[in-house]
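From just these sequences and the hints, can you work out the full model?
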Amino acid sequence: MKINTISSEDFGDIIRLLSDGNLPSDDIGAPNKTFFGTWEDGELVGCIGIERYGQSGLLRSMVVAEPFRGQNRAMAMYNHLVDHCIEQGMTHLYLLTQTANGFFEKLGWDMIARDGVPDAVKSSAEFAHLCPASAVCMHFPLMAAQSQKLFDSGFNC
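Numbered per my numbering, the sequence shown spans residues -9 to 147.
There could be a bad hint or two in this list.
Unchecked claim - Calculated lysine to aspartate or glutamate pairs in the EDC-like style (CA-CA distance at most 16 Å, straight line): (1) LYS(-8) x ASP31; (2) LYS112 x ASP17; (3) LYS23 x GLU(-1); (4) LYS(-8) x GLU33.
By construction, these hints were calculated from the structure, which means they are not laboratory data.
Below, the structure is given as structure tokens:
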């Protein structure tokens, strides 16, 4: 499965996927966002996004169309995004979720209070008004992912 950066011409497809998944899409075209996706027969069937705030990132909008779930697309996109963030020098990821905290806990994410998030991330539309106060806030230190990648590649002290 190939994962590519989604161009602005495909933002309508992102909005369709997000709408189908009951996820916010009002600010998709705003600056500082990068989206990655997977396609099937020329149709965007999965996407994930990152908003960059200095060395921190806000994971946005991971969704896979219903007929394509259970094919490891979400994990492939997630791993691609984490690799991208590490390559870009980010050190921490944050997210808000109403439904996927169990999924992210299995990946090593921790629940945190919203006030533990850097001010720049808290100023995002996602934190300010797109996600309700009831959404779970989570944190992932990218150093852990980078260390695991090194270990998996054979590097061991």
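Checked hints:
For the suggested pair LYS(-8) and ASP31, the alpha carbons sit about 12 Å apart, so the restraint of at most 16 Å is met. Taken as a hint, the LYS112 and ASP17 pair is honoured in the structure, with Cα atoms around 15 Å apart against an allowance of 16 Å. Of the supplied pair hints, the one linking LYS23 and GLU(-1) holds, its CA atoms being roughly 14 Å apart against a limit of 16 Å. Straight-line distance between C-alpha atoms of LYS(-8) and GLU33 comes to about 13 Å, which keeps the hinted pair within the 16 Å bound.
When held up to the earlier numbered hints, the structure conflicts with none and fits them all.
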